[in-house]
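For chain A, the structure is supplied; the task is to place chain B on it using the hints.
Quick note, the sequences are listed as chains A and B, same order.
Sequential numbering from 1 applies to the first sequence in my numbering.
Sequential numbering from 1001 applies to the second sequence in my numbering.
Just so you know, the hints here were simulated from the structure itself, not pulled from any lab data.
Please note: incorrect hints may appear among the correct ones.
[Stated by the list, open to error] As a list, the in silico DSS-like pairs of lysine-lysine whose alpha-carbon atoms are at most 25 Å apart: (1) B:1007 <-> B:1079; (2) B:1603 <-> A:267; (3) B:1063 <-> B:1498; (4) B:1090 <-> B:1135; (5) B:1603 <-> A:455; (6) B:1219 <-> B:1497; (7) B:1432 <-> B:1467; (8) B:1498 <-> A:461; (9) B:1135 <-> B:1219; (10) B:1156 <-> B:1219; (11) B:1315 <-> B:1358; (12) A:200 <-> B:1007; (13) B:1007 <-> A:128; (14) B:1268 <-> B:1603; (15) B:1506 <-> B:1573.
[Claimed, not checked] In silico contact screen, one side only, chain A against chain B (beta carbon under 8 Å); selected entries: (16) 69; (17) 73; (18) 76; (19) 177; (20) 371; (21) 385; (22) 386; (23) 389.
Here the structure is a predicted model, which means the values were calculated and not measured.
All residues carry an ideal CB built from backbone N, CA and C; glycine is no exception.
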Amino acid sequence: MRKNDALLSQIDWPLFIAFISLLIFGMATVYSVAFNEEHPNIFSFSEKYGKQMLWLGVSLFLGLLIFLIDVDIYRKFAVPIYIFTLLLLVIVLFMPPINGARAWIGIGSMGIQPAEFAKISTALLLSKYISGLMIKHQTINTVLTAVGIIMAPAILVALQPDAGTLVVFSSFLFVMYREGMTFDPIILKLVNRIPGINLKSTWVGNHFIPLLFIVVVLAVLTLIIGEVEFSIGFLPGIIIKGGTGIIITLAFLFLLAFLYIRRFGTKRDRASLTFIIVFGFVFMTALSSSVSFVFSKLARHQKDRIEMVLGLKEDPNGKDYNRNRAMAAVGSGGTFGKGYKEASVSSVESNHVPESETDFIFCPFAEEWGFFGSVFLVFIYLFMLMRIVFIAERQRSSFNRIYAYCVAMILFYHFAINIGMNIGFVPVIGIPLPFFSYGGSSIMSFCIMMFLLLKLDSQRKDVLR
Amino acid sequence: MNLENRKYVIIGFILLVGFIYTSRLFYMQVVDDTWVLRAQEIAEKRKEIIPPRGVMFDRKGRKIVSNKTYYNLMMTEEKITHLDTVAFAKLIGWTPIMVRERFKEIVKGEGIYYNKSSGKHTSNYQKMRAYPFLKELTLDEITKILVHIANFPGFKEEVTSMRTYPYANGANILGYLNEANREDIESEEINADHFYRPGSNIGRSGIERFYEKELRGRKGIRYVVTSAMNNAIESYANGKYDTVAKQAIPLKLGMDIVLQAYGEKLMKGKKGCIVAIEPSTGEIVTMVSSPSYDPNLLVGRRNISLNYPKLARDKDFPLFPRPLQAEYPPGSIFKLVQSLIGMQEGVVTENSGFACIKSMVGCHNHPNATCIAEAVQYSCNPYFYQLVRKVIQQKKKKNLYADAEYGLNKWHRYMNSFGLGKELDVDITGQKGGLIPDSKYYDKWYGHHQWAFSTIRSISIGQGEIKLTPLQMANIAVIIANKGWYYSPHFVKSIGKKGPKANFRKKHKTLVESRYFDAVIEGMRRVVNESGGTAKSARLEDIIVCGKTGTVQNPHGQDHSVFIAFAPRDNPKIAIAVFVENAGAGGAVAAPIVSLMIEKYLKGKVTKDKELKLNEVDKPNIIH
Chain A
1 MRKNDALLSQ IDWPLFIAFI SLLIFGMATV YSVAFNEEHP NIFSFSEKYG
51 KQMLWLGVSL FLGLLIFLID VDIYRKFAVP IYIFTLLLLV IVLFMPPING
101 ARAWIGIGSM GIQPAEFAKI STALLLSKYI SGLMIKHQTI NTVLTAVGII
151 MAPAILVALQ PDAGTLVVFS SFLFVMYREG MTFDPIILKL VNRIPGINLK
201 STWVGNHFIP LLFIVVVLAV LTLIIGEVEF SIGFLPGIII KGGTGIIITL
251 AFLFLLAFLY IRRFGTKRDR ASLTFIIVFG FVFMTALSSS VSFVFSKLAR
301 HQKDRIEMVL GLKEDPNGKD YNRNRAMAAV GSGGTFGKGY KEASVSSVES
351 NHVPESETDF IFCPFAEEWG FFGSVFLVFI YLFMLMRIVF IAERQRSSFN
401 RIYAYCVAMI LFYHFAINIG MNIGFVPVIG IPLPFFSYGG SSIMSFCIMM
451 FLLLKLDSQR KDVLR
Chain B
1001 MNLENRKYVI IGFILLVGFI YTSRLFYMQV VDDTWVLRAQ EIAEKRKEII
1051 PPRGVMFDRK GRKIVSNKTY YNLMMTEEKI THLDTVAFAK LIGWTPIMVR
1101 ERFKEIVKGE GIYYNKSSGK HTSNYQKMRA YPFLKELTLD EITKILVHIA
1151 NFPGFKEEVT SMRTYPYANG ANILGYLNEA NREDIESEEI NADHFYRPGS
1201 NIGRSGIERF YEKELRGRKG IRYVVTSAMN NAIESYANGK YDTVAKQAIP
1251 LKLGMDIVLQ AYGEKLMKGK KGCIVAIEPS TGEIVTMVSS PSYDPNLLVG
1301 RRNISLNYPK LARDKDFPLF PRPLQAEYPP GSIFKLVQSL IGMQEGVVTE
1351 NSGFACIKSM VGCHNHPNAT CIAEAVQYSC NPYFYQLVRK VIQQKKKKNL
1401 YADAEYGLNK WHRYMNSFGL GKELDVDITG QKGGLIPDSK YYDKWYGHHQ
1451 WAFSTIRSIS IGQGEIKLTP LQMANIAVII ANKGWYYSPH FVKSIGKKGP
1501 KANFRKKHKT LVESRYFDAV IEGMRRVVNE SGGTAKSARL EDIIVCGKTG
1551 TVQNPHGQDH SVFIAFAPRD NPKIAIAVFV ENAGAGGAVA APIVSLMIEK
1601 YLKGKVTKDK ELKLNEVDKP NIIH
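Chain A on its own, in the form it takes in the complex (with noise of 0.2 Å):
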């Protein structure tokens, strides 16, 4: 008894508020967004919300199991789990495609996407390795070794094929930077054998995982919204390029951080900075030009196939269509939103966003509740990773720690790439949005990923080391 008192007052409130405030939203819309007048009642089965409803029940009883099981099992368990649903990825290759793809195990009527759970056993076994790993003597084994656990289900992910899962498990690469883990032992390995080099570590290889997320990110922006024409409403006749709305909000960007370095900055600090700051901002406007200027003088057969891509050119599988519909759904709803159930665009029975009740759910929350319940929205998701990333730097346990990192860093891509989807700043890749989006095995995974997170940090004291 005394346990579970202790155990209700160590829960992180403001993560768990969050947590289940999202459940809410995402269960609210999908009622919304699949709502049948034939079987209003939210508890009806064979609606889609009905569903949900299930899911959300087996999830919240799944929570309640990890809050009864001792924290340990995870960390002395973590091999046999990854074991268990890679074998789960490879079966799942054998199965009948669905959409074209072999993404589903059968269990009855219903189905299970190992991917979605193979985020978490990866999750586990990756704080397992590396927090029993001494970081300052990492060799080019320990870092092939983690790179193995994190390859290993991606590829099996890729064979599905599911590229928005594989994509999400280069978040894992954040957590190794935070740890320390870098690609250099590879690279200074290739590097020294140059005569007369002989380097220990290089700025670029130790922060090599960020910088390449920019250079990704900043280059697939450039490209999908470098040639769209932007016009201000309050400024009418000035039309913007995408490209040059970058630069300019580069050039925002890194004024706002020079001005912060120059009132916060310490003196020893301030020129190495500010060097960084010019540094970056001429890097970055360069990167962005080059590659529109070198997508530029692609050929067009080139161009079409990057087009294709990423979704900005009409293609048979419809991923432009998806995109200008779940834009035009976004950007209708306005200042204020069209209001709770008002969506016209992108209910599922209009069916013009397709998907809008999994990989699009953003469009007809967007559509209802308009730029405010949108921001507000996103704001949620912010303080919660924000949260997370406090509650990982609390952790006495590196094996809490980078476990609370992983599940920051795929709930952050799974929210940066799903938004940015809606919005048209990214490919559409369907990967759906954490707590929100319609489907059993997304919504026990993540609610499974996030019990696992409170329950270790709800015991985060009672653990040494």
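Here is chain B on its own, set in the frame of chain A:
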């Protein structure tokens, strides 16, 4: 190396994405409104509900133009699964090849629109839209199909309405409807309010065309939220912006459909026309154009494509509205106007007499006319030759030619005031104005000051260059019945309860004072009622008919027979003109028809033996 600081990098990324997304959402949802329009385009559709066209009643309240429900068999390609072409063709009574051809035709032809950006006509045929596969089926036809329609998914019926004419008369006046063509739809003038779309009907001729705006009614517009399959899901904003379709208020015509039908019967087998007008109002009571056709032949696309070419190719031109567009020399009826002008000009009085000098111009044997009334009664050609010479050559100018020019132009102004030589303000399109020559006209022919009365004398007896439409002839009868004024002849007595259009409530006065009319009317009475008159066959027992015959010389064959009249003499109720081509003298054919028409109109029935007599005269080669 302090790894903990790396959390700031991660937090930085999170915040950066949050910042970018918030700005983007602000731009999309608050600043940029193109997405709202785009969403409207996607999800909200205007559904148009076309009301049945306004109906028409005749002057006695009989419905003469009505609507009938028809059915289209609609096809939605996307919903068609495994179409058994053979069975389907059998169901609709076609061959499988015809079905395939029709299918191709729909894909290519339906939904063609003018793409402004590309400047081309492109088809926006869409598989998910419904297109009419068969149009204008009757209830019987559609019922036979509907029994088995469940076997052919993708097909369903749609209700439309089309014109029907219970009396089958007056086709040339009522006009017909046809599908709006590309020019109509793209015309800024016709389609300024975007009323017409492919498949909409538009009045093509007659009253249907002139009163198009009054008849088409108000389209209902329903804004609906549609699905990607284009099915309506719900009404938009609870129908706040919807408008209800409203049928136009009925038109009440001045036409008496029974008299119209009777006139058409009388004119059967003859070429020509009857125009009857109520003098006190200008309402056109009857307008027969013979030969005519059954207006039901031109209802709907199917019928039009079947019957129109036949009617257009007919050598008797049934589609030609003779009363409005045929221009004939008026012959002797013109003498009425000439006498009025002569008296008003003071060149003659009602008691002037002229000798019948046949050397001037041919005439038949009759006593010399000693007054206007007698001149009219005998229709004496030399009399009017001399009268009109006095009008044209008034000796006001020293030069003979300048004098003729002066006189003719004066005469021309009189004629214009009688509604001659110009189009009347009728509520129908495609009207001709006839021809009344003026000095410029003859200058062109003969040269300036190269002509005098003797050059143009044939105008005095309504021959030569003079041309009138039968409508104008009837209007002369109206003017004489009214003693000097007329309302523009018109078909529509009242739009709902509003009365006729404003321009039909305006009196047109002639330049001849009313006091000069009595002599002419007396002459017209004698024409019908006295021995020596040229149209005793028009006489009625208890109604005083005033009339004037005309025999129009026709160089191409038999003379044309004309007769204009009004009755009763006091307080006239009807003015009428009958023109029968190639029927000989006016008294022979036209006059009996007029008398029958007047009797029918005023009494509701006719004396049988007269009708029989008419059938007797209705033989070829009747000579006066």
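Checked hints:
1. A distance of roughly 56 Å separates the Cα atoms of residue 1007 (chain B) and residue 1079 (chain B); the hinted pair therefore is violated under the 25 Å criterion.
2. The hinted pair formed by residue 1603 (chain B) and residue 267 (chain A) fails the criterion: a straight-line CA distance of about 119 Å is larger than 25 Å.
3. The straight-line distance between the Cα atoms of residue 1063 (chain B) and residue 1498 (chain B) is roughly 18 Å, inside the 25 Å bound, and the hint therefore holds.
4. As the CA atoms of residue 1090 (chain B) and residue 1135 (chain B) are separated by approximately 17 Å, the hinted pair is consistent with the 25 Å bound.
5. The suggested pairing of residue 1603 (chain B) with residue 455 (chain A) is violated, with an alpha-carbon distance near 107 Å, which exceeds 25 Å.
6. Using a Cα cut-off of 25 Å, the hinted pair residue 1219 (chain B) and residue 1497 (chain B) holds, with the two alpha carbons roughly 22 Å apart.
7. Of the supplied pair hints, the one linking residue 1432 (chain B) and residue 1467 (chain B) holds, its CA atoms being roughly 10 Å apart against a limit of 25 Å.
8. As the CA atoms of residue 1498 (chain B) and residue 461 (chain A) are separated by approximately 93 Å, the hinted pair breaks the 25 Å bound.
9. Our distance criterion of 25 Å between C-alpha atoms is met by residue 1135 (chain B) and residue 1219 (chain B), whose separation comes to about 21 Å.
10. This hinted pair checks out: residue 1156 (chain B) and residue 1219 (chain B) have alpha carbons roughly 23 Å apart, not beyond 25 Å.
11. Between residue 1315 (chain B) and residue 1358 (chain B) the alpha-carbon distance is near 39 Å, which puts this suggested pair outside the 25 Å criterion.
12. Distance hint between residue 200 (chain A) and residue 1007 (chain B) is fulfilled; the C-alpha atoms sit about 23 Å from each other, no more than 25 Å.
13. For a cut-off of 25 Å, the pair hint linking residue 1007 (chain B) to residue 128 (chain A) stands: about 20 Å separates their Cα positions.
14. Restraint check for residue 1268 (chain B) and residue 1603 (chain B): the C-alpha separation of about 22 Å stays at or below 25 Å, so the hint holds.
15. In summary, the hint linking residue 1506 (chain B) to residue 1573 (chain B) is supported, as the alpha carbons are separated by about 19 Å, within the 25 Å threshold.
16. Here the hint on residue 69 (chain A) is broken, as its CB sits about 29 Å from the closest CB of chain B, past 8 Å.
17. For residue 73 (chain A), the interface hint is violated, the least distance from its beta-carbon to any beta-carbon of chain B being 28 Å, above 8 Å.
18. The interface hint given for residue 76 (chain A) is violated, since its Cβ lies 26 Å from the closest Cβ of chain B, which is over the 8 Å cut-off.
19. Proximity of residue 177 (chain A) to chain B holds as hinted, the smallest CB-CB distance being about 6 Å (cut-off 8 Å).
20. For residue 371 (chain A), the suggested interface contact is upheld, since its CB lies about 4 Å from the closest CB of chain B, less than 8 Å.
21. With a least beta-carbon distance of about 5 Å to chain B, the hint placing residue 385 (chain A) at the interface is held under the 8 Å criterion.
22. With a cut of 8 Å, the hint placing residue 386 (chain A) at the interface with chain B holds, because the nearest CB-to-CB distance is about 6 Å.
23. Checking residue 389 (chain A) against chain B: minimum C-beta separation of about 6 Å stays under 8 Å; hint holds.
When each numbered hint is compared with the structure, violations occur for hints 1, 2, 5, 8, 11, 16, 17 and 18.
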